[in-house]
Amino acid sequence: MSRERPDAGMQKLPAGVHWTRRVGNRVAIGACVLATAIVVLPLALLIVRLLESGLRDLSLDFFLHMPKPVGELGGGMANAIVGTLIVVGIGAVIAVPVGVAAGVYLAEYGRERLTTVVRYTADVLAGAPSIVVGVAVFGLLVVPMGRFSALAGGVALAVLMLPTIVRATEEVVRLVPASYRQAALALGAPSWVATMRVVLPAARAGVTTAALLAVARASGETAPLLFTALGNRFWTTRVDQPIATLPVMIYDYARAPYSDWNAQAWTGALTLLVLVTVLSALMRVATQRIR
Amino acid sequence: MTPTEPPLIRTEVPPARPAPHAAEGADGSAAAEPAAHLAARGFGLRYGTHAALSDITFDIPEHRVTAIIGPSGCGKSTFLRAFNRMNDMIPNVTTSGELRVGSLDVTAPSTDVVSLRRRVGMVFQRPNPFPQSVFDNVAFGLRLLGLRRGAALEERVETSLRRAALWEEVKDRLDRSALQLSGGQQQRLCIARCLAVDPEVLLMDEPASALDPTSTARVEELVLELKGRYTIVVVTHNMQQAARISDRTAFLMQGRLVEVGDTRRLFTSPREKLTEDYITGRFG
Numbered sequence: 024m025s026r027e028r029p030d031a032g033m034q035k036l037p038a039g040v041h042w043t044r045r046v047g048n049r050v051a052i053g054a055c056v057l058a059t060a061i062v063v064l065p066l067a068l069l070i071v072r073l074l075e076s077g078l079r080d081l082s083l084d085f086f087l088h089m090p091k092p093v094g095e096l097g098g099g100m101a102n103a104i105v106g107t108l109i110v111v112g113i114g115a116v117i118a119v120p121v122g123v124a125a126g127v128y129l130a131e132y133g134r135e136r137l138t139t140v141v142r143y144t145a146d147v148l149a150g151a152p153s154i155v156v157g158v159a160v161f162g163l164l165v166v167p168m169g170r171f172s173a174l175a176g177g178v179a180l181a182v183l184m185l186p187t188i189v190r191a192t193e194e195v196v197r198l199v200p201a202s203y204r205q206a207a208l209a210l211g212a213p214s215w216v217a218t219m220r221v222v223l224p225a226a227r228a229g230v231t232t233a234a235l236l237a238v239a240r241a242s243g244e245t246a247p248l249l250f251t252a253l254g255n256r257f258w259t260t261r262v263d264q265p266i267a268t269l270p271v272m273i274y275d276y277a278r279a280p281y282s283d284w285n286a287q288a289w290t291g292a293l294t295l296l297v298l299v300t301v302l303s304a305l306m307r308v309a310t311q312r313i314r
Numbered sequence: 043m044t045p046t047e048p049p050l051i052r053t054e055v056p057p058a059r060p061a062p063h064a065a066e067g068a069d070g071s072a073a074a075e076p077a078a079h080l081a082a083r084g085f086g087l088r089y090g091t092h093a094a095l096s097d098i099t100f101d102i103p104e105h106r107v108t109a110i111i112g113p114s115g116c117g118k119s120t121f122l123r124a125f126n127r128m129n130d131m132i133p134n135v136t137t138s139g140e141l142r143v144g145s146l147d148v149t150a151p152s153t154d155v156v157s158l159r160r161r162v163g164m165v166f167q168r169p170n171p172f173p174q175s176v177f178d179n180v181a182f183g184l185r186l187l188g189l190r191r192g193a194a195l196e197e198r199v200e201t202s203l204r205r206a207a208l209w210e211e212v213k214d215r216l217d218r219s220a221l222q223l224s225g226g227q228q229q230r231l232c233i234a235r236c237l238a239v240d241p242e243v244l245l246m247d248e249p250a251s252a253l254d255p256t257s258t259a260r261v262e263e264l265v266l267e268l269k270g271r272y273t274i275v276v277v278t279h280n281m282q283q284a285a286r287i288s289d290r291t292a293f294l295m296q297g298r299l300v301e302v303g304d305t306r307r308l309f310t311s312p313r314e315k316l317t318e319d320y321i322t323g324r325f326g
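Chain order of the listed sequences is A and B. Under my numbering, think of the first position of the first sequence as 24, with each following residue one higher. Under my numbering, think of the first position of the second sequence as 43, with each following residue one higher.
Any given hint might turn out to be false.
As the list claims (entries may be wrong) - Pair by pair, the computed Cβ-Cβ distance ranges are:
| no. | chain 1 | residue 1 | chain 2 | residue 2 | range |
| --- | --- | --- | --- | --- | --- |
| 1 | B | 83 | A | 198 | 39 to 47 Å |
| 2 | A | 140 | B | 168 | 29 to 37 Å |
| 3 | A | 112 | B | 131 | 56 to 64 Å |
| 4 | B | 91 | A | 144 | 50 to 58 Å |
| 5 | B | 222 | A | 307 | 19 to 27 Å |
| 6 | A | 116 | B | 222 | 50 to 58 Å |
| 7 | A | 124 | B | 168 | 44 to 52 Å |
As the list claims (entries may be wrong) - Computed, partial: chain B to chain A, Cβ under 8 Å:
| no. | residue |
| --- | --- |
| 8 | 126 |
| 9 | 150 |
| 10 | 153 |
| 11 | 156 |
| 12 | 164 |
| 13 | 166 |
| 14 | 168 |
| 15 | 170 |
| 16 | 172 |
| 17 | 173 |
| 18 | 182 |
| 19 | 186 |
| 20 | 188 |
| 21 | 190 |
| 22 | 239 |
No lab work stands behind these hints, which were simulated from the structure alone. All residues carry an ideal CB built from backbone N, CA and C; glycine is no exception.
Assemble the whole structure, with the sequences as input and the hints as a guide.
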């Protein structure tokens with residue numbers, strides 16, 4: 024038994040904290056605040072600019088009326104608003120079920136070899152420039168059909184939505200505790216029933232977020248629509264016809280040499296932003312209601 | 043069934059109730075020698091090349107509580123899970139020997155796992171209610187069987203919750219999320235969920251080890267109440283619990299059956315040195 028005091032041999036620690044530490048702390052916090060500001064700033068600037076320029080021409084007419092011919096003032100983008108809803112809707116109807124199913128497959132059933140291939144494919148697809156997707160769909164769909172169409176636009180957007188939905192669904196389904204699945208199987212549920220009734224509902228919030236994110240991103244895509252949906256100055260809801268969409272219309276109006284078109288492009292941009300936000304909010308509420 | 047070691051079934055002590063507070067089950071009498079309900083014959087299980095269980099042979103009597111004890115990693119959970127083929131989910135598992143539920147050969151490839159699992163319910167170590175309402179949790183298995191809605195469904199849900207001694211606590215909040223219940227309530231809900239599909243056998247894998255003492259006591263009482271209707275197999279590492287709730291106890295070590303017998307006999311006069319060392323706390 025040693026009778027030494029426990030602190031014998033240990034150097035005495037300074038009572039206070041050295042000033043460099045306090046300064047270091049301030050600098051680190053300051054850097055974080057600055058970085059946060061840099062992240063928020065673009066969005067803030069974007070919204071301010073959109074409101075500033077977009078609100079000027081905003082009126083009910085903009086939503087209800089068709090584009091006027093060049094030289095005539097007024098008119099709206101009713102056809103493009105509805106067109107965007109149709110094209111994005113087609114894309115979502117294709118991409119959400121397929122993407123969710125593939126994501127579930129990767130998370131729950133996939134065997135080593137195949138999942139690696141699917142996952143890699145999804146990642147490559149996610150990295151594919153959207154204009155490349157547009158050109159590809161042009162070759163695969165527009166050329167054989169003989170015309171631009173809402174359908175081709177929807178397919179192009181679906182291809183862009185897919186990778187996000189697949190990978191995000193896989194991630195959130197993986198997060199569902201294995202015990203849920205076990206409990207369902209132990210109750211005599213076949214594997215697919217366990218997935219559909221227990222695992223997917225448990226991952227619902229995450230899957231919804233994934234789908235919304237993908238749909239929202241695709242709603243603003245312009246390049247793939249140039250080659251597929253093309254645009255249309257007239258009213259149509261037919262999916263086999265060229266159709267106007269907000270992004271393409273904004274692109275056309277913003278480049279046009281007429282100041283009233285430029286102004287309308289701002290209003291269109293504001294509309295697109297609000298549309299995506301409202302749609303996301305609505306769908307989120309709807310999916311939460313289902314439980 | 044011809045038990046290979048019949049002398050161990052209630053030779054010395056008739057219906058032993060080891061624990062002083064143990065409430066008598068619904069069956070009460072327990073005079074007649076119960077028939078074997080589950081049986082293992084030279085059963086072995088491998089994870090790849092690692093033998094997790096080898097040459098296990100014993101019977102589990104009907105409408106009794108059988109406890110399986112043993113040190114961590116002895117294979118007791120694996121053995122339990124073999125009875126409703128939950129090990130199927132683990133890749134590279136191979137079995138040998140025979141495992142029976144009644145006359146059904148559990149490990150035969152032709153055995154329908156889904157209907158096997160309906161006969162043999164399972165309660166897990168951690169309460170695992172689905173993130174759904176209390177009602178939907180209990181109704182889950184019934185809906186699988188085609189009972190979708192209506193009075194018949196509600197009645198069965200209520201009966202199951204009553205049997206699991208949970209009805210009084212949840213009857214006013216059947217539509218609330220099951221995750222809002224306490225841990226002990228969740229575990230009883232999981233038991234109710236199992237009972238709803240009317241299994242013959244309840245496998246319980248350390249059903250109280252994640253619960254506080256009060257909830258543990260409630261689950262133990264529940265086990266004693268339920269044994270009149272179901273054959274119950276409980277895996278536990280808590281020897282006091284095995285002594286309190288079980289009629290028979292099997293002691294496993296390193297994947298082998300060391301001893302099996304009447305619980306009181308096994309705890310008071312173990313035949314094997316290993317059993318004695320384990321229950322007196324010399325290891326494990």
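Status of each hint after checking the structure:
1. 83(B) - 198(A): 39 to 47 Å: Distance hint for residue 83(B), residue 198(A) holds at roughly 41 Å.
2. 140(A) - 168(B): 29 to 37 Å: 35 Å, holds
3. 112(A) - 131(B): 56 to 64 Å: 39 Å, violated
4. 91(B) - 144(A): 50 to 58 Å: Distance hint for residue 91(B), residue 144(A) is violated at roughly 35 Å.
5. 222(B) - 307(A): 19 to 27 Å: The hint (19 to 27 Å, Cβ to Cβ) holds, given that residue 222(B) and residue 307(A) are roughly 22 Å apart.
6. 116(A) - 222(B): 50 to 58 Å: For residue 116(A) and residue 222(B) the Cβ distance comes to about 36 Å; the hint is violated.
7. 124(A) - 168(B): 44 to 52 Å: 30 Å, violated
8. 126: Where the cut-off is 8 Å and the nearest Cβ of chain A is about 6 Å from residue 126(B), the hint holds.
9. 150: 18 Å, violated
10. 153: Constraint on residue 153(B) not satisfied, violated at 13 Å.
11. 156: Holds. Min distance 5 Å.
12. 164: For residue 164(B), the interface hint holds, since the closest Cβ of chain A sits about 4 Å away, which is under 8 Å.
13. 166: 6 Å, holds
14. 168: 6 Å, holds
15. 170: 4 Å, holds
16. 172: 5 Å, holds
17. 173: 5 Å, holds
18. 182: Status holds, d = 6 Å.
19. 186: 6 Å, holds
20. 188: With a minimum Cβ separation of about 12 Å from chain A (threshold 8 Å), the hint on residue 188(B) is violated.
21. 190: This hint is violated: residue 190(B) lies away from chain A, its Cβ roughly 12 Å from the closest one there, beyond 8 Å.
22. 239: Result: holds, 6 Å to nearest chain A Cβ.
Comparing the model with each numbered hint stated earlier shows that hints 3, 4, 6, 7, 9, 10, 20 and 21 do not hold.
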